[in-house]
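**Q** Residue numbers (my numbering), protein chains in the order written: chain Y, 1 to 316; chain L, 317 to 647.
Source of the hints: derived by calculation from the structure; they are not laboratory data.
Keep in mind that a hint or two might mislead.
Claimed, not checked - Under the rule of at most 16 Å between Cα atoms (straight-line distance), these lysine to aspartate or glutamate pairs were calculated in the EDC-like manner: (1) Lys405(L) <-> Glu225(Y); (2) Lys405(L) <-> Asp491(L); (3) Lys405(L) <-> Asp379(L); (4) Lys378(L) <-> Asp77(Y); (5) Lys517(L) <-> Asp491(L); (6) Lys405(L) <-> Glu417(L).
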Amino acid sequence: MSGFLARRLGQSLVLLVLVSMVGFAILHLAPGGPMSQFASGSDMTQEDLDRIAEQLGLNRPLPVQYAEWFWRMLQGDWGRSYRDGEAVLNVIGSHLGATLQLMLTATLLAIIIGVVIGTLGAIRRHSIFDTLATVGAMIALSIPTFWFGLVAIYVFSVWLDWLPSGNRFTPGDGSPLDLLRHLILPAMVLALVETAIWSRFMRSSMLDVVNQDYIRTARAKGVPEARILLRHAFRNAALPMITVLGLQLPTLLGGALVTETVFTWPGMGRLFLDSISYRDYPVVMGILMFSATLVLLGSLLADLLHAVADPRIRLG
Amino acid sequence: MSGAPILDVRNLSVRFRTEGGDVPAVSDLSFTLDRGETLAVVGESGSGKSVTSLALMRLLPKDSAVTVTGQALLEGRDLLAIPEPEMRKLRGGAISMVFQEPMTSLNPTTPVGAQVAEAVQLHRDLDRRAAREEAARLLDLVGIPAARQRMDDYPHHLSGGMRQRVMIAMALSCDPGVLIADEPTTALDVTIQAQILDLLKRLQERTGMAVVFITHNLGVVAEIADRVLVMYGGRAVEQAPLRPLFSRPLMPYTAGLLRSVPRMELAGRRAGPLPAIPGNVPDPRHMPPGCVFHPRCAHHQPGRCDAAAPVLEAADEAREVRCLRWRELAA
Ligand SMILES: Nc1ncnc2c1ncn2[C@@H]1O[C@H](COP(=O)(O)OP(=O)(O)O)[C@@H](O)[C@H]1O
Ligand code: SF4
Ligand SMILES: [Mg+2]
Chain Y
1 MSGFLARRLG QSLVLLVLVS MVGFAILHLA PGGPMSQFAS GSDMTQEDLD RIAEQLGLNR
61 PLPVQYAEWF WRMLQGDWGR SYRDGEAVLN VIGSHLGATL QLMLTATLLA IIIGVVIGTL
121 GAIRRHSIFD TLATVGAMIA LSIPTFWFGL VAIYVFSVWL DWLPSGNRFT PGDGSPLDLL
181 RHLILPAMVL ALVETAIWSR FMRSSMLDVV NQDYIRTARA KGVPEARILL RHAFRNAALP
241 MITVLGLQLP TLLGGALVTE TVFTWPGMGR LFLDSISYRD YPVVMGILMF SATLVLLGSL
301 LADLLHAVAD PRIRLG
Chain L
317 MSGAPILDVR NLSVRFRTEG GDVPAVSDLS FTLDRGETLA VVGESGSGKS VTSLALMRLL
377 PKDSAVTVTG QALLEGRDLL AIPEPEMRKL RGGAISMVFQ EPMTSLNPTT PVGAQVAEAV
437 QLHRDLDRRA AREEAARLLD LVGIPAARQR MDDYPHHLSG GMRQRVMIAM ALSCDPGVLI
497 ADEPTTALDV TIQAQILDLL KRLQERTGMA VVFITHNLGV VAEIADRVLV MYGGRAVEQA
557 PLRPLFSRPL MPYTAGLLRS VPRMELAGRR AGPLPAIPGN VPDPRHMPPG CVFHPRCAHH
617 QPGRCDAAAP VLEAADEARE VRCLRWRELA A
């Protein structure tokens, strides 16, 4: 177990370094750096610009810049935002809550609905319900999230005027009900693809399990059908879903980015896009490293959970 | 044995509708099983043995592609006709089954003790604790060492032989009148196989249950059976008490099966590879006309055996045979 942990943590660290290198390179090699931002925004002289470049270290060779950034990050100094000089970790921290709220709500919705749909679909395979669920999942998986978000806004905010079209709360309100009303649409939109994925995984896992010999054994000893499905089959089918939880994190983060943008949700996804367009290198790199760590830890945690829940698995 | 048979199977047929055509997996099969008796059902792979046992347990897929006809009277109640809730009470109670694959037949995420206790609780009026106690007793009864300590083991902690003992404990938990054992030792190695056979014999003596023992291994048949039913192509082709069948098989297929078993194995020991009967079991979608065995039969008479289908006829008061030429061949 500790051997497994050490190996996985080692792998994760190597991956993080690789991610940071690639991310850093792409960011810095992309046309239009922060200097052109500064230059276009105000009436600075060439001298001013040179001074800023010198201060931020942007005039040095890329490998040197990377090494410096990396070294500081290891010491806990993730740099300061180019926009307002705020420490990167503080910037991320102030946006994290909104993202976590959105992602957790969407994931919870997706798991509950997806697992129920997938289980029912497997039990009543090829029924009308199963066919509808299959077609629905295909559609959900093929609709781009931003498009679904815009449709949701149009229907529920513009047309029906039931729910707000963006932001986390109404300025000056912020009651639990107000928060909830703002959360519904983005969480629904983010949950859609996740639900489709969960229902597909759950359906195939359940189908796999109901054809196993031990289900036949349960029938042979006279277990009622409902108990076979709920106790014997469901438990075995749900176990591998824990791994899906870990695997889904990158998709979820990507979906959150789009959803936050569509719904002007003040989370990390929007911060990330804003920071890219502002060429706010320290914040972009900070979010990149933060979410990469989150993904790697998430999949590690999912594997550990799976091992705890499944008596057959022993990590070594 | 006296009195009516405990199980009376009449004209059982099972047909699967598949995309490649109809599969008549079992055709017009009739047999009886007396109380306390062991009937061995023998035949090569694909002859319809498992389908027969699953049909009796009503464990075949419940969809329109499967047609089961006939009767299977268990102490007078027709297993193929009673409503599902009633059948569910009989399953694992009055009639239970042990499967061929001990490695996959137990639930991997439930401790074995709980799996046995579940069977106990389903059919007997015991609370959780008493059911657990009973499960420990059963595991001990089937020869699991330190049974009480193994209650909380998961199946993957146990060897194939031990798992099969757990399956047997589960099947016996409610004192069934009939136990169907579908190749219970085929997946096990030879020494374990012998232990499981001994166990089954011992338990049978103790409980007086009747056993349908399915196997393709005639060495095992010699060990355990009172009577033998030979199946071929989903049909009964010969039925006889053990000794007469082994000393004087009437149907050429039975004779071929017996010839393919080395004497040593019949004495209970393993020998080299068996010279099988040439050819293969027929594809049930394209059953040969006439006698279904004729393409492989050394005594096949062209124009006769491939024209008329033989019926199962009584050879004497205890034997039945399905062959057009059995009288000539026996002479
Ligand atoms: N679910 C099914 N659908 C179609 N054909 C089946 C099904 N189950 C069994 N069969 C066919 O029925 C025949 C008898 O199979 P089986 O009873 O398993 O043979 P045995 O147990 O004697 O080896 C085989 O030809 C097999 O292919
Ligand atoms: S009927 Fe003919 S082919 Fe069939 S077993 Fe008898 S002799 Fe052989
Ligand atoms: Mg079989």
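**Q** With reference to the structure, classify each hint as holding or not holding.
**A** Okay, the hints, checked on the actual structure:
1. A threshold of 16 Å between alpha carbons decides the hint, and for lysine 405(L) with glutamate 225(Y) the separation of about 12 Å falls inside it, so the pair holds.
2. Among the hinted pairs, lysine 405(L) with aspartate 491(L) is consistent with the structure: their alpha-carbon atoms are about 13 Å apart, no more than 16 Å.
3. The suggested pairing of lysine 405(L) with aspartate 379(L) is violated, with an alpha-carbon distance near 21 Å, which exceeds 16 Å.
4. For the proposed pair lysine 378(L) and aspartate 77(Y), the alpha carbon gap of about 66 Å is over 16 Å, so the pair is violated.
5. Taking the CA atoms of lysine 517(L) and aspartate 491(L), the gap is near 15 Å; set against the 16 Å cutoff, the hint holds.
6. Between lysine 405(L) and glutamate 417(L), the direct Cα distance comes to roughly 24 Å. Violation of the 16 Å bound is thereby established for this hinted pair.
The structure does not agree with the numbered hints 3, 4, 6 stated previously, though it agrees with the rest.
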